[in-house]
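K.L.:
Kindly produce the complete structure, drawing on both the sequences and the hints.
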Amino acid sequence: MKLVIGVVRPEKANDVLEALYRAEVRGVSMSRVQGHGGELERVETYRGTTVKVGLSEKVRFEIAVSDDFVDQTIDALCEGGRTGEVGDGKVFVVPLERVVRIRTGETDVSAVTPVDK
Amino acid sequence: MSVPLAAAGIDPADTAWMLVATALVLMMTPALGLFYGGLVRSKNTLNTFMMCAGAMGVATVCWAAIGYSLAFDDGNGFVGGLHHAFLSGVGFAAHPGTQIPGLLFFAFQATFCIVTVALVSGAVVERMRFAPFLLFAALWSILVYAVLAHWAFGGGWLQANGTLDFAGGVPVEMGSGFSALAAALVVGARKDYGRQALLPHNAVYVLVGAGLLWFGWFGFNGGSGFGVGDASVLAFVNTLLTPACTLVVWMLLDLIRGRHVTAIGAATAMVVGCVAITPAGGYISPGWAMALGALAALPSYFLIVWRTRTRVDETLDVLAAHGTAGLFGIVFLGLVASEAWNGVGDGLLHGDAKQLLWQLIAAVATPAYAFGVTYVLLIVLGKLMPLRASEREEAIGMDIVQHGEEAYATGEGAILVTPEDGQKLPVPVAAR
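Taken in order, these protein sequences are the chains called S and X. The opening residue of the first sequence carries number 1 in the working numbering; numbering runs sequentially from there. The opening residue of the second sequence carries number 1001 in the working numbering; numbering runs sequentially from there.
Mixed in with the good hints, there may be bad ones.
[Unchecked claim] Simulated DEER-style distance windows between Cβ atoms:
(1) Gly38/S to Gly1382/X: 35 to 45 Å
(2) Gly37/S to His1403/X: 18 to 28 Å
(3) Thr1262/X to Val99/S: 33 to 43 Å
(4) Gly27/S to Glu1412/X: 21 to 31 Å
(5) Phe1215/X to Glu41/S: 35 to 45 Å
(6) Arg101/S to Glu1412/X: 26 to 36 Å
(7) Arg47/S to Ala1065/X: 28 to 38 Å
The set of hints was computed from the structure by calculation and includes no laboratory data. In this text, a Cβ means the ideal position worked out from N, Cα and C, and glycines have one as well.
P.N.:
Written out as structure tokens, the structure reads:
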């Protein structure tokens, strides 16, 4: 089991969700974060106060998957999130020690396998 | 240059009310900015509001320079002359047919021009570049608004033949609505339209904006009698009655079709009702005004439902809210206008079929002119400069791309740039 973390542009979040859906990856958390990954700072001016905004809005996906689904998940994040310009984001994959589904108490692989309705 | 001084024939009460009414109508444009700003996504809030704010500058300047003259100077039936260009001859003397100073009449009409230009922006928000929009706003206020205002208010061919239009069903409502359709077709749909859900980001703004629009509309309709006479009182009260009926019917339609009464629907209904009574305000009885409100809800409601299923991204439904409701009001007035209430003319139900005929002619000619000229104008502008932002910019959002600001800036990660840093200050885009 792995936890796949993807940080992408907010305007690409819908494309990522679409790609994940097509890859049959269900079970996603997403949150709005601020980050900086080497892209150009943008300049904003408010009543003569000029600022460089170094942190950009990003969306962070957290997806816990069984080992068979790791590659599809990474591909979906990359396909959905890519524009080709600096600032498209990163994907981090970390090992998962334990997973528990709260409703049933199922653990590990069966906990990260989505329920068929 | 000699200024025409106040002569006999100025009525202080009329003047006092019209000063207030002018300010009320001016407030409708920022109110529209709130209404529109709430209906778009958060990354486009400022840009959408700025299209309204920009209109307050651009349209006023054009109106003072030439628009007012083209609308209200004697000319031919199609367009006025240039004798009042740059406010020449506009002073304290009473405007013909009223007991208020010509200067005040000019300002009142200017606020109409502003809000109409702002209305059209609803068709192109979230993708049109700001500079081309300002240029479009300037040219549109002259080529479309001023001409239509001449037709309906300035002694042009519609007014001369007896078309009744109390407060701007022709230039304001049909003028903006059908121009909006043309603008949406030329500029094209947003890149994600029909592919992703593009939802309003703040329904509270939408409700506050609609409420302030309704409030301002008392000046818009109530001021279009140019005084404190019966026509103004009738129009003022009808501006309460008609939107209330539209609102009730709209809420019922929402309830029946979707099992929920929606806030955005209610806000839309207020605007639709105000639009419907605009041409008819001082001409129809309060009872018929209520009937008008109830009936006018139907075509606008179903046009909005239908439009969102088409490929036409007329984003904020200016055609349904303004074009359609304005057209409905102008025709309805031809049916039920009553000389007993307005002292001007009867509609078909009171025995004057010719009145209905001229209302129908206005309801055909105005949309045709507004649509045609706006279409050609934007095609020509599109040859000279790109009208819309790139897909990449559209994805980032027009606030940052077009204005270098955010509506909801957090300040996190913002580093102050001071000249002492010895850093090169950012150069404005225009100077590059």
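K.L.:
None of the hints should be skipped; say for each whether it holds.
P.N.:
We went through each hint and held it up to the structure:
{"no.": "1", "hint": "Gly38/S to Gly1382/X: 35 to 45 Å", "verdict": "37 Å, holds"}
{"no.": "2", "hint": "Gly37/S to His1403/X: 18 to 28 Å", "verdict": "24 Å, holds"}
{"no.": "3", "hint": "Thr1262/X to Val99/S: 33 to 43 Å", "verdict": "40 Å, holds"}
{"no.": "4", "hint": "Gly27/S to Glu1412/X: 21 to 31 Å", "verdict": "30 Å, holds"}
{"no.": "5", "hint": "Phe1215/X to Glu41/S: 35 to 45 Å", "verdict": "43 Å, holds"}
{"no.": "6", "hint": "Arg101/S to Glu1412/X: 26 to 36 Å", "verdict": "35 Å, holds"}
{"no.": "7", "hint": "Arg47/S to Ala1065/X: 28 to 38 Å", "verdict": "29 Å, holds"}
Comparing the model with each numbered hint stated earlier shows that all of them hold.
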